[in-house]
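K.L.:
What follows is the residue order along each chain.
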Amino acid sequence: MASAPSKLYSDDVTLVVVLLDTNPFFWSTSSFSFSQFITHVLVFVNAILTMNQLNQVVVIATGYNSCDYIYDSSLASNQSFGNGRMPALCANLLQNLEDFMVKDEQLGKEESEGRITCSLLSGSLSMALCYIQRIFRSGSLHPRPRILCLQGSPDGPEQYVAIMNAIFSAQRSMVPIDSCYIGAQNSAFLQQASYITGGVHHKPQQLDGLFQYLLTIFGTDLHSRNFLQLPKPVGVDFRASCFCHKSTIDMGYICSVCLSIFCKHHKKCSTCGSIFGQAQSDDASATNRKRKTPDL
Amino acid sequence: MPQVKIIAKNFMDMVASLTARDLDRLYENPFICEAIVRSLPPLAKKYVLQMLYIDGSVPAKMMEEWVLPDGFTKHRVAIDRLVQLRIFSEEKKKEITYRLNSTFQTNLRKHLIYGGALPREPMPPGITARLPSLEELEAYALGQWECFLLQLISSAQAEKPTNFSSSMMKIFQRGLLTQRDKEAPRLTESGFQFLLMDTNAQLWYIVREYISNSQERGVNQADLISFLLELSFHVAGEAYNINTVNDLQRSMIKDFADLGLVKLQQGRKESWFIPTKLATNLSVSLTDSSGRKEGFVVVETNFRMYAYSTSKLHTEILRLFSRVEYQLPNLIVGAITKESLYNAFENGITSEQIISFLQQNAHPRVAEKIPSVPENVCDQIRLWESDLNRVEMTPGYYYDEFPSRDVFEAACDYARDRSGLLWEDSKKMRLVVKAEVHMHMREFLRGQNK
Numbered sequence: 001m002a003s004a005p006s007k008l009y010s011d012d013v014t015l016v017v018v019l020l021d022t023n024p025f026f027w028s029t030s031s032f033s034f035s036q037f038i039t040h041v042l043v044f045v046n047a048i049l050t051m052n053q054l055n056q057v058v059v060i061a062t063g064y065n066s067c068d069y070i071y072d073s074s075l076a077s078n079q080s081f082g083n084g085r086m087p088a089l090c091a092n093l094l095q096n097l098e099d100f101m102v103k104d105e106q107l108g109k110e111e112s113e114g115r116i117t118c119s120l121l122s123g124s125l126s127m128a129l130c131y132i133q134r135i136f137r138s139g140s141l142h143p144r145p146r147i148l149c150l151q152g153s154p155d156g157p158e159q160y161v162a163i164m165n166a167i168f169s170a171q172r173s174m175v176p177i178d179s180c181y182i183g184a185q186n187s188a189f190l191q192q193a194s195y196i197t198g199g200v201h202h203k204p205q206q207l208d209g210l211f212q213y214l215l216t217i218f219g220t221d222l223h224s225r226n227f228l229q230l231p232k233p234v235g236v237d238f239r240a241s242c243f244c245h246k247s248t249i250d251m252g253y254i255c256s257v258c259l260s261i262f263c264k265h266h267k268k269c270s271t272c273g274s275i276f277g278q279a280q281s282d283d284a285s286a287t288n289r290k291r292k293t294p295d296l
Numbered sequence: 001m002p003q004v005k006i007i008a009k010n011f012m013d014m015v016a017s018l019t020a021r022d023l024d025r026l027y028e029n030p031f032i033c034e035a036i037v038r039s040l041p042p043l044a045k046k047y048v049l050q051m052l053y054i055d056g057s058v059p060a061k062m063m064e065e066w067v068l069p070d071g072f073t074k075h076r077v078a079i080d081r082l083v084q085l086r087i088f089s090e091e092k093k094k095e096i097t098y099r100l101n102s103t104f105q106t107n108l109r110k111h112l113i114y115g116g117a118l119p120r121e122p123m124p125p126g127i128t129a130r131l132p133s134l135e136e137l138e139a140y141a142l143g144q145w146e147c148f149l150l151q152l153i154s155s156a157q158a159e160k161p162t163n164f165s166s167s168m169m170k171i172f173q174r175g176l177l178t179q180r181d182k183e184a185p186r187l188t189e190s191g192f193q194f195l196l197m198d199t200n201a202q203l204w205y206i207v208r209e210y211i212s213n214s215q216e217r218g219v220n221q222a223d224l225i226s227f228l229l230e231l232s233f234h235v236a237g238e239a240y241n242i243n244t245v246n247d248l249q250r251s252m253i254k255d256f257a258d259l260g261l262v263k264l265q266q267g268r269k270e271s272w273f274i275p276t277k278l279a280t281n282l283s284v285s286l287t288d289s290s291g292r293k294e295g296f297v298v299v300e301t302n303f304r305m306y307a308y309s310t311s312k313l314h315t316e317i318l319r320l321f322s323r324v325e326y327q328l329p330n331l332i333v334g335a336i337t338k339e340s341l342y343n344a345f346e347n348g349i350t351s352e353q354i355i356s357f358l359q360q361n362a363h364p365r366v367a368e369k370i371p372s373v374p375e376n377v378c379d380q381i382r383l384w385e386s387d388l389n390r391v392e393m394t395p396g397y398y399y400d401e402f403p404s405r406d407v408f409e410a411a412c413d414y415a416r417d418r419s420g421l422l423w424e425d426s427k428k429m430r431l432v433v434k435a436e437v438h439m440h441m442r443e444f445l446r447g448q449n450k
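For the protein sequence lines, the chains are A and B, in the order given.
Here the first sequence is numbered in this note's numbering, starting from 1 and rising by one per residue.
Here the second sequence is numbered in this note's numbering, starting from 1 and rising by one per residue.
Wrong hints could be hidden among the right ones.
Derived DSSO-like pairs: lysine-lysine, alpha-carbon spacing no greater than 30 Å straight-line [stated by the list, open to error]: (1) B:Lys92 / B:Lys61; (2) A:Lys232 / A:Lys203; (3) A:Lys203 / B:Lys74; (4) A:Lys203 / A:Lys246; (5) B:Lys61 / B:Lys74; (6) B:Lys93 / B:Lys61; (7) B:Lys61 / A:Lys232; (8) B:Lys170 / A:Lys232; (9) A:Lys203 / B:Lys110; (10) A:Lys267 / A:Lys246; (11) B:Lys277 / B:Lys312; (12) B:Lys61 / A:Lys203; (13) B:Lys254 / B:Lys170; (14) B:Lys61 / B:Lys94.
By construction, these hints were calculated from the structure, which means they are not laboratory data.
I would like the entire structure built from these sequences, with the hints used as guidance.
P.N.:
Take a look at the structure:
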């Protein structure tokens, strides 16, 4: 009968932050339509909420210009419940999603002609982590959080630094990032994110059965993961993007002071301002602060 | 460890013990499907959802491939539970296969796709008079519950008796109180254990008794369970029209109001019921989610005890093992004495129970300290208890006048093998064995004599 005061609820109470890719550039080219996708996701969200009364789901839309919270189950529970046909959850979420898409598109128009085809994953990851931090600090008891990225559009190499920072802060706060990639090529960012934070990465083979994939793999709570077989990473794409041209590289140069990555040799580090010596120069090794490492 | 039979972990053990027909009928109600899914062990929940869109049956071999070697026992527990609740039906042809109960499957699918609706619409705020706030409602629920408990442990103490008939009350008291002829009823060991449990666990116990008793009153258990679970899906603090429930449920609601599960209110024309937190927490399988109540007891090293409480129930509980010296409006002062403790031990309360009660209900100021109950007090309580147990009684049988040393020795070995030998005197060839070995021993000796 003794009960140790714990900050966690029992084993399987979870908070899932779902990041939805709403990038119209991707969905217009995909064979799997956005409405089909949303149907699968809505049922999945419902399933998570059914599993435990205390489970919580937050949905964040990742657009190509902005991102925003579109659903939070802890707020919606006490509101009016739908208008007959549609349950509150769907109506609420779809309404917010529509508002978000319109706003996102307007933001795109204001800027120069749309050259961007990737979505703002770094932004939504950061929002998810902020939300989770707030939960950590809010009360005595909190559910175990995890992040689920449903991503379709390709990686944006220019977001490399921001995404890596988000990944490392997730790792620090022990929040696994699960990722489900529905696009054509696999995403290096998401593979790394799941690998580093101990989450699961999977690229479904048949998108028609997305719901079953979501439920079987990503519906598993953190407690049950100790007992179940889940997809293991086959090979993780660890390639980085250079800081100067934001292109993905296999080999490059690293600043020995701040670890910034460059694709070409520079005289000075653009991040921390350290001055590098000449390549292969002997006097460079005499002074410790000037050194260049051709390595990655 | 004292007997634990009184702790009803949750309701589902009870649901699992229902007959197959009742269970199948229960699953026709979508809310019950949802409540039952929530009460399953995590792995079992996972399996149900995984199987939700599989129409055929799945071989047991295949399911075993889902788990890691470490999780195999958990896997078995989950599957057994599902089969026990008839959510999975087992088919044995060439190999064992499992299939999801079809009614259950359809209902759960519907629930996932259309979302959870509420069992009934709350009344519009125009009709109802002022509704109590959530805090008021919680205070009401706890007050009602405490009043019920007080009546339970000592009927004379209650200020306003509940509507439960005395026969009903007797049933609740069964197992918790013993009554020797002409004496006032006394708490049994499990009764004390009951008082130490948190509110939600206590509630489960009472609800369980209520339900198991229902058959004697001609009410179907499944109906009761289904209504209780349905009730737990209502929104706490909203008013629901009482005309939406049938007669049987109406009589249940009256009983539930006595327990503090619902509050009844009457307007000019309509009357309605307002579920409280106690009711909505019912379907949560974790019994400890209700949040621990704040403690109130301070024990000092000089064996004095100060309890900051206005509750009569608390006074009654403290009186069980301490001498209450005086009572102020918000404070009970008592002392833990040898006599008071001997009284408690005589009633079957153990020292560990008392200490854990003091620890669990320690006032927040002392609860921060370690230990929250002074060590010398804990030790003394244990010592006084062990004083009572200096002599251990074991029923036994005495044997002597063995015909030969061989027979005697064989008999000794025989008893020793069955770990029933209590004492032997090889010089005079005498021995004592435990009473339970006596029958075997007699058989054995008869065999030897031949």
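K.L.:
For the pair supplied as a hint, Lys61 of chain B and Lys232 of chain A, is the alpha-carbon distance within the 30 Å limit?
P.N.:
Holds: Lys61 of chain B and Lys232 of chain A sit about 21 Å apart, inside 30 Å.
K.L.:
Hint check: Lys203 of chain A vs Lys110 of chain B, CA-CA at most 30 Å. Holds or violated?
P.N.:
holds, 28 Å
K.L.:
Just to be careful, I want the Cα atoms of Lys92 of chain B and Lys61 of chain B compared with a cutoff of 30 Å; is the pair within it?
P.N.:
Holds: Lys92 of chain B and Lys61 of chain B sit about 12 Å apart, inside 30 Å.
K.L.:
When you check the alpha-carbon spacing of Lys267 of chain A and Lys246 of chain A, does it fall within 30 Å?
P.N.:
This hinted pair holds, its Cα atoms lying about 18 Å apart.
K.L.:
Holds or violated: Lys277 of chain B and Lys312 of chain B, Cα atoms, limit 30 Å.
P.N.:
holds, 23 Å
K.L.:
Would the pair Lys203 of chain A and Lys246 of chain A pass a check requiring their Cα atoms to be no farther apart than 30 Å?
P.N.:
The given pair, whose Cα atoms are some 25 Å apart, holds under the 30 Å limit.
K.L.:
Check the hint pairing Lys170 of chain B with Lys232 of chain A against an upper bound of 30 Å on the C-alpha distance.
P.N.:
Outside the cut-off at roughly 59 Å; violated.
K.L.:
Starting from Lys93 of chain B, check that the Cα of Lys61 of chain B is at most 30 Å away, please.
P.N.:
holds, 13 Å
K.L.:
Within a Cα-Cα threshold of 30 Å, do Lys61 of chain B and Lys94 of chain B meet the stated pairing?
P.N.:
holds, 12 Å
K.L.:
Does Lys232 of chain A pair with Lys203 of chain A here, judged by a C-alpha cut-off of 30 Å?
P.N.:
holds, 12 Å
K.L.:
Take the C-alpha atoms of Lys61 of chain B and Lys203 of chain A, compute the straight-line distance between them, and say whether it is at most 30 Å.
P.N.:
Cα-Cα ~26 Å, so holds.
K.L.:
Below or equal to 30 Å on CA atoms is what counts here, so check Lys61 of chain B against Lys74 of chain B.
P.N.:
Roughly 16 Å between the alpha carbons, so the hint for Lys61 of chain B and Lys74 of chain B holds.
Of the numbered hints stated above, the single one contradicted by the structure is hint 8.
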